[in-house]
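Generate the whole structure from the sequences, applying the supplied hints.
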Amino acid sequence: MSDAPLLEVSNLSVGLGTPGASLEVVHQASFTVADGKTLGLVGESGCGKSITMLALMGLLGPEMTVSGSIKLRGVELIGMSQRELSRLRGNRIAMIFQDPMTSLNPVMTIGQQLGEAIAIHHHGLSRRTRAERAMELLKLVAIPFPERRLLQYPHELSGGMRQRVMIAIAMANDPELLIADEPTTALDVTIQAQIMELLQRLRAERNMGLVLISHDLGVVAEIADEVAIMYAGRICEKGTVPAVFDRPHHPYTHGLLASLPKIDRVEDKLTVIPGSLPPLASRPKGCRFHPRCHYAQGICATEEPSLRPVDDVAVACHFAETVLTATATGHEETSE
Amino acid sequence: MTRYILRRLISIPLLLLGIVSIAFFISHTTQGDPLISIIGDRQMDNPDAVAAAKARWGLDKGLPEQYVIYLKNLVTGDLGTSFRTKQPVARDLLVRLPATLELVIAAMLVGSIAGIVLGVIAARFRDTMIDHIARLAALMGSSTPVFWSGLILLYIFSVVLGWLPGPGRFDARAVAPETVTGFLTIDSLLAGDFTAFGQAIYHLLLPAAVLGWTVMGIVSRLVRASMLDVLSQDYIVAARARGAGELRVLLNHALRNALVPTLTILGFTFAYLITGAVLTETIFAWPGIGSYAVDATRNLDYPAIIGVTIIGGSAFLISNLLTDIAYAFADPRIRLS
Amino acid sequence: MTDTAPPTVAPTVSRSRRLPAWLKLPVLIGGLITIFWILAALTVDSWPLYDPIEMVGRRLSPPSAEHWFGIDALGRDVLTRTLHGARFSLLMSCAVIASAVAVGSLLGAIAGYAGGFIDGLIMRLVDITLSFPPILLAMAVTAAMGPGLRNAAIAMIIVWWPAYARLMRGQVLSVKSREHVEAATASGAGHVRTLVTHILPLTWSPILVNATMDFGQVVLLAASLSFIGLGASPPTPEWGSMISEGAVHFYQWWICAGPGLAILSVVLGFNFLGDGLRDYLDPRSR
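Chains as they are written, first to last, in the numbering used here: chain A, 9 to 344; chain B, 837 to 1173; chain C, 1075 to 1360.
Incorrect hints may appear among the rest.
Unchecked claim - Derived pair list, reagent style DMTMM-like, types lysine to aspartate or glutamate, alpha-carbon separation capped at 25 Å:
id	chain 1	residue 1	chain 2	residue 2
1	A	Lys293	A	Glu311
2	C	Lys1250	C	Asp1193
3	C	Lys1098	B	Asp963
4	A	Lys147	A	Glu164
5	C	Lys1098	B	Asp1065
6	A	Lys293	A	Glu52
7	B	Lys897	B	Asp881
8	C	Lys1098	B	Asp967
9	B	Lys890	B	Asp914
10	A	Lys79	B	Glu1082
11	C	Lys1098	A	Glu71
12	A	Lys45	A	Glu32
13	A	Lys147	A	Asp182
14	B	Lys890	B	Glu901
15	A	Lys45	A	Asp254
Source of the hints: derived by calculation from the structure; they are not laboratory data.
Since the structure is predicted, the reported quantities are computational estimates derived from the model, not experimental observations.
Laid out in structure tokens, this is it:
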């Protein structure tokens, strides 16, 4: 293996429609993931996180245009043929999805789907070897009675079990990078913790890079090493988890953190970011967050801030320093 | 699941009784006098002959009485005697059934396979020229009268090009294999006579293609629609994320799911096929139930008409039941509930 | 200086020059074909054509400049007869569809509205009728009543009404429970009044779409019955019976080419039109 970083994404943009008259879904996203590390990608639904991940996998439809650079161990993925990409998918990069019920093929047994995941990248394995390997995988993700599960259909399993199966499928070929797109959103709270624990264990055991997409800051704070906050198709702040979470520089990050219920702090009500995520077709000019921002000034409506280093994070805000001072001096009163 | 099938099975005799009754009463409200077709025009002025024929065929009794007699006989498998062939209708039908089944099954196979291929291709290349052409071909299939396309294709392939034989089920000069099942293809194989087998297939090609084309139209439309539905599902993205190639995604993941709803229309397709078979058999001089039905209606041979209608109706009912069962088995979510 | 500038809207895909989504090339073609045949059915007598019944050329002569579709076995012009055939096929199919819709909708509406025993009775009749392969039922009925256009039409109405009864019953059941209908019943409106003024107006669109789509199939079945010899009888220039005559003179392919293409174009035309109509009335069903 070369010394190149596991995943290096720079200036990744995704557009919808023909070049020129297209809508930009993701704008110039850049981030890296190192071996054995976890990157948390946080944002509201519709902000472009899942699209970014599908772009990484080369799974966007022909109506989407992708530009920029995605390097896996120094090898450029953009411009690769689907054939070459499909050799990487499920092999070196694997992905698990939000809803394990709809992500498993309803007319194939668990065993068939696991066997397929193995067979796609390992031709000529005997049926028996595949079955043995499938069993091992189910044991790896701690599914009880694995031999019985192999013959069952997805609808016969609980949600948590299904997500374990999805993870087993993703682990089938020992991937270097695992992308988990809101892996626990569709699950019960008690199951959520178990699944996160499983992911963390697998990442550590196999020194695998993990990208965790979530809108749950709590989960990200607990698991991730680095975090990138996304708003309306842009990364607005990124850095190590302690740096970003303890001292948010972007008003959006701050808003997100302030809206978390905290057990150690008794509050009358939760802080809420006013307004809502603008729809794709009518994203505001300038800083995309400015209509919802307390700190916005004239320049925010006209000039788009670029990602710049402030302290030990990177942030896209004209007034990052102001925000930091204001929030550091205590929790500012929220206006209704 | 089993309870559902049982309930369906119980409803079948009732529906059958309805079919029999309706077929019986419709054909007995006739305005033409069936006696003409029994004894011929000239004998109609001879009162003795008329009375004798009436008594002989049970026409002197009242309608309710005839109905009861008919039902009684039906239970023992007696469908009456054909006015025209003077043979038991049940025997006539039994002799001709294999020819029709052979044609319909061949058409179903040809049509379903072609329809599935066409539907998958159309869905894969959605909204491109390929899709438009595939859809037009499918629509033509269900819009072309088979009695016309049959004639035109027969003219082109048999008369002009000489590639395929003319009407008929077997070469008149050749020796047909010994009848065991009545299916020429199977019988010739049983007899180990491969020349005869080739002959049977050779004669089957064109009518099966003509009839199969209508099936293809229905099947490909449905396969396309359900493929499009399935292709937008999460598990398709998940399969791609697993590294599955395009062909594997289409056939292993999408088609397997898309075929489940397609099964539901097989029963409906069967009804379509019976309609088509009646006309196709007429064009291709195919000695099956369809051409028998046409001869029967032309001759006001109503024991034969009721017989055919009852057989057709029951076949339709049974095919619908089989479709439901097949559907349940194809979808593990239903099968295991 | 105010610091709240109104958010500028990003450019969206221009939509103004596009045709409405349901109006596509096939729909246009379908519409043109349909209009052509309707015109032919209504005004064919004043078109510059030959006489459809009289001998106008040498028997069985192939297509030529004077006779584009050739001459049939009795010396009649095939093109003339094909165009005249529109009258029989279209009028008959119209009558069949209209009657089937009327009878079926009425019985279906009654079944859905009344429920209980009446519903059971009507729907069992529907089930049984739908258990017959359409052509066999039509053949049995036509044979029983005697061949002829009128009887074939009656037979086809008997074949087709149950489909509309089922459709209408479903519609009525879904509309019946809506609030304004319950309000009408509560305010003392009579059954007939509630059904006619509050329920039926909401149910017509699927019926219309189905009727348009079915039209082609009715044309096909009508021609099939005539082909078998149960519908129109010679020398009526009906498409099915023309093809039947052509089948005898099988080597003179042009005799049945004209009527065959006519049937094909009518069925295709109404299918296209029905597709467009469905997209127009219910854009979600695509």
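Against the structure, the hints come out as follows:
no. : hint                   : result
1   : A:Lys293 to A:Glu311   : 8 Å, holds
2   : C:Lys1250 to C:Asp1193 : 14 Å, holds
3   : C:Lys1098 to B:Asp963  : 12 Å, holds
4   : A:Lys147 to A:Glu164   : 18 Å, holds
5   : C:Lys1098 to B:Asp1065 : 22 Å, holds
6   : A:Lys293 to A:Glu52    : 19 Å, holds
7   : B:Lys897 to B:Asp881   : 21 Å, holds
8   : C:Lys1098 to B:Asp967  : 15 Å, holds
9   : B:Lys890 to B:Asp914   : 19 Å, holds
10  : A:Lys79 to B:Glu1082   : 24 Å, holds
11  : C:Lys1098 to A:Glu71   : 22 Å, holds
12  : A:Lys45 to A:Glu32     : 29 Å, violated
13  : A:Lys147 to A:Asp182   : 15 Å, holds
14  : B:Lys890 to B:Glu901   : 14 Å, holds
15  : A:Lys45 to A:Asp254    : 20 Å, holds
Taken one by one, the earlier hints fail for this structure only at number 12.
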